[in-house]
Amino acid sequence: MSATSNNSHPLIEVRNLDLHFGAFHALKNVSVSFDSGQLIGLVGDNGAGKTTLIKVLSGIHKPNSGEVYFDGERVKEFHPKQAIRFGIETLQQSVGLCDNLSIARNFYLGREPIKHWFGIPFLDFKKMREASTKVIRTFGLRDNVSADDQVEMLSGGERQSIKIGRAVEFKNRVVIMDEPTNHLSVREREHVNELAQQLRDQGLLVIYITHDIHQVHKLADRIVIMENGEKVTDVAKHEMTSDELEEVIRFGGRDVEKEEVTV
Amino acid sequence: MMNISIRQLVRQHNEIGIILIAILMVTLFTTTSFDKWANAYNLASIAQITATLGLLALGASLVMGTGEIDISVGSTFGIGALAYLGTVATIGPIPAMLLAAVAGAAIGLFNGFIVTRFGVSSLLLTLSTLLVFRGVAIALTEIEGLSFSVPYDQRSGFFYQLFGGGDILGINTGFWWLILGLLLLMAFLYATPGGNRLLAVGGSAESARSRGIRVTRVKVRAFVICGVLAALAGTLEGGKLGFADGGMGRLMELQAIAACVLGGCALLGGRVPLTGVVVGAFVLSSIQSYLVVNGVQPQWFMLLLGVIVVTAAISDRALRDWALRSR
Chain A
1 MSATSNNSHP LIEVRNLDLH FGAFHALKNV SVSFDSGQLI GLVGDNGAGK TTLIKVLSGI
61 HKPNSGEVYF DGERVKEFHP KQAIRFGIET LQQSVGLCDN LSIARNFYLG REPIKHWFGI
121 PFLDFKKMRE ASTKVIRTFG LRDNVSADDQ VEMLSGGERQ SIKIGRAVEF KNRVVIMDEP
181 TNHLSVRERE HVNELAQQLR DQGLLVIYIT HDIHQVHKLA DRIVIMENGE KVTDVAKHEM
241 TSDELEEVIR FGGRDVEKEE VTV
Chain B
1 MMNISIRQLV RQHNEIGIIL IAILMVTLFT TTSFDKWANA YNLASIAQIT ATLGLLALGA
61 SLVMGTGEID ISVGSTFGIG ALAYLGTVAT IGPIPAMLLA AVAGAAIGLF NGFIVTRFGV
121 SSLLLTLSTL LVFRGVAIAL TEIEGLSFSV PYDQRSGFFY QLFGGGDILG INTGFWWLIL
181 GLLLLMAFLY ATPGGNRLLA VGGSAESARS RGIRVTRVKV RAFVICGVLA ALAGTLEGGK
241 LGFADGGMGR LMELQAIAAC VLGGCALLGG RVPLTGVVVG AFVLSSIQSY LVVNGVQPQW
301 FMLLLGVIVV TAAISDRALR DWALRSR
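Chains A and B, in that order, give the protein sequences.
Using the working numbering, the first residue of the first sequence is number 1, and each one after it goes up by one.
Using the working numbering, the first residue of the second sequence is number 1, and each one after it goes up by one.
Since the hints were made in silico from the structure, they are not lab data.
Hints should not be assumed to be uniformly reliable.
Far from chain A, by Cβ distances over 12 Å, these chain B residues were calculated [unchecked claim]:
1. 161
2. 170
3. 250
4. 287
Label pairs and their computed distance ranges (CB to CB) [what the hints assert, rightly or not]:
5. B/139 - A/46: 54 to 60 Å
6. B/314 - A/121: 36 to 42 Å
7. B/325 - A/121: 36 to 42 Å
8. B/183 - A/212: 52 to 58 Å
9. B/155 - A/79: 51 to 57 Å
10. B/8 - A/155: 16 to 22 Å
11. A/244 - B/5: 56 to 62 Å
12. B/128 - A/143: 52 to 58 Å
13. A/85 - B/94: 40 to 46 Å
14. A/71 - B/128: 46 to 52 Å
15. A/170 - B/314: 41 to 47 Å
16. A/120 - B/297: 46 to 52 Å
Using N, Cα and C, we set each Cβ at its ideal position, and we do this for glycine too.
Isolated chain A, as found in the complex (with noise of 0.2 Å):
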């Protein structure tokens, strides 16, 4: 242990993560760690503490109490720009893209390749759009889709393909999807599917946040269930199947201990 410990610890660890929004209590002393090459299912109903987490791991809530190691090092400033730099991407249904601006200037939107020009720094326009209409291409876009055109003109499978292309090509090492498959198609969500499970082929860590117990037993490594912010399961796929685990979503982690003791 204390030999190889440099080298073994987990990528995020997260120790007695509390977190209180006036009364309501959204964390309750949350523990949990997750490794590179993984792909985590974190599952529970609305208001079971997920997305909080996953809103402290990404920078946008500062938890009251507890601790986040990210590659070891202990997280002291709790903002998205932080995380970014961490290299953990987050991609929600709704935000990460802007309608009003083109896919290119989407793309690159916050960390902006630049060209200095009487040492003024201007856009390189040519990067954004070579990088953008690489990822259009690789992901699955409409042919008649340029890197020009504006975001509002996309269907909700081709934003989440840009979101991910972008995941991708900032060399992440964390990738937390929250719900990425509302909304879609069912062609589309197995497109954006097969694209969570190449991140973690690559050597990422993907924690994929879903209410469907089914669809992301298919896909993960390793399932967390979250109930009432505390974390209530916390399995590798082998060792459950996604009905029993949808019974302890259903019934609640401790219920069935108690079935489980009965029986």
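Following the hints, position chain B against chain A.
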């Protein structure tokens, strides 16, 4: 095919509406005014009015681009004029102009700080600062010993003429400042990371924030630029007139906002066609001038201004809906 490309053009260039209106208007005014409107002297005077209104509107459009609004620009304009005229005779044009710019920046900083720090609606806050700084302007002009009128013998210096007090190629220097300001702002807004972020904040502040953009900073910066431009517009107008009173720039804020909306800016932010804003200022100035040369009482301009803005808002909406329909 033709139809689709026109739609695409309209979709990507929100200033097209106002440019078409401007062309129609110029044609109409030229043919109906028996040279009273379209003569060199009157056009030069329109260029000067367009310059001050245009600079004011450009600043207001940047704030509007972030999803906020600044209606205090009329008073900032007045403060700028007073700061310049009150000091130019003693400290010279360049320091006086810089002083005006600093005053404008301070007002912008104050607006931006209160809006972002306390989450006050910018409409409400800048309405208050509009009144506050109008009051300050009037109070300043009532202080004994302060003069806001420049003696004639001091109006001939090169720098005095450069800041609105003279002409280049027969057109007031203010107009050339407008052209310069427009080019600089276009470079900033469309071709730098700062501009990209400003438009992003107006499009979706939440998305911009999730990309690590400090939304507060972007908004405060827009308010500061707006304050500086308003004060410089006031400087140019003050330099042109050579004197000012506490009411200088009154109701200019409405014309500035109108120029933004006419020019194709979205009130909710994210859409700032800068050339459209300047053309909007030109259209308003031209209408005003057309009414004047035809002997119409000035109050009719205010009435017409209201009607124009509502019509522009409705037709802009219709045009964009049409442009977005074909996919």
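These are the hints, each one checked on the structure:
no.: 1; hint: 161; result: holds, 28 Å
no.: 2; hint: 170; result: holds, 31 Å
no.: 3; hint: 250; result: holds, 34 Å
no.: 4; hint: 287; result: holds, 30 Å
no.: 5; hint: B/139 - A/46: 54 to 60 Å; result: holds, 57 Å
no.: 6; hint: B/314 - A/121: 36 to 42 Å; result: holds, 40 Å
no.: 7; hint: B/325 - A/121: 36 to 42 Å; result: holds, 38 Å
no.: 8; hint: B/183 - A/212: 52 to 58 Å; result: holds, 53 Å
no.: 9; hint: B/155 - A/79: 51 to 57 Å; result: holds, 53 Å
no.: 10; hint: B/8 - A/155: 16 to 22 Å; result: holds, 18 Å
no.: 11; hint: A/244 - B/5: 56 to 62 Å; result: holds, 58 Å
no.: 12; hint: B/128 - A/143: 52 to 58 Å; result: holds, 53 Å
no.: 13; hint: A/85 - B/94: 40 to 46 Å; result: holds, 42 Å
no.: 14; hint: A/71 - B/128: 46 to 52 Å; result: holds, 49 Å
no.: 15; hint: A/170 - B/314: 41 to 47 Å; result: holds, 43 Å
no.: 16; hint: A/120 - B/297: 46 to 52 Å; result: holds, 48 Å
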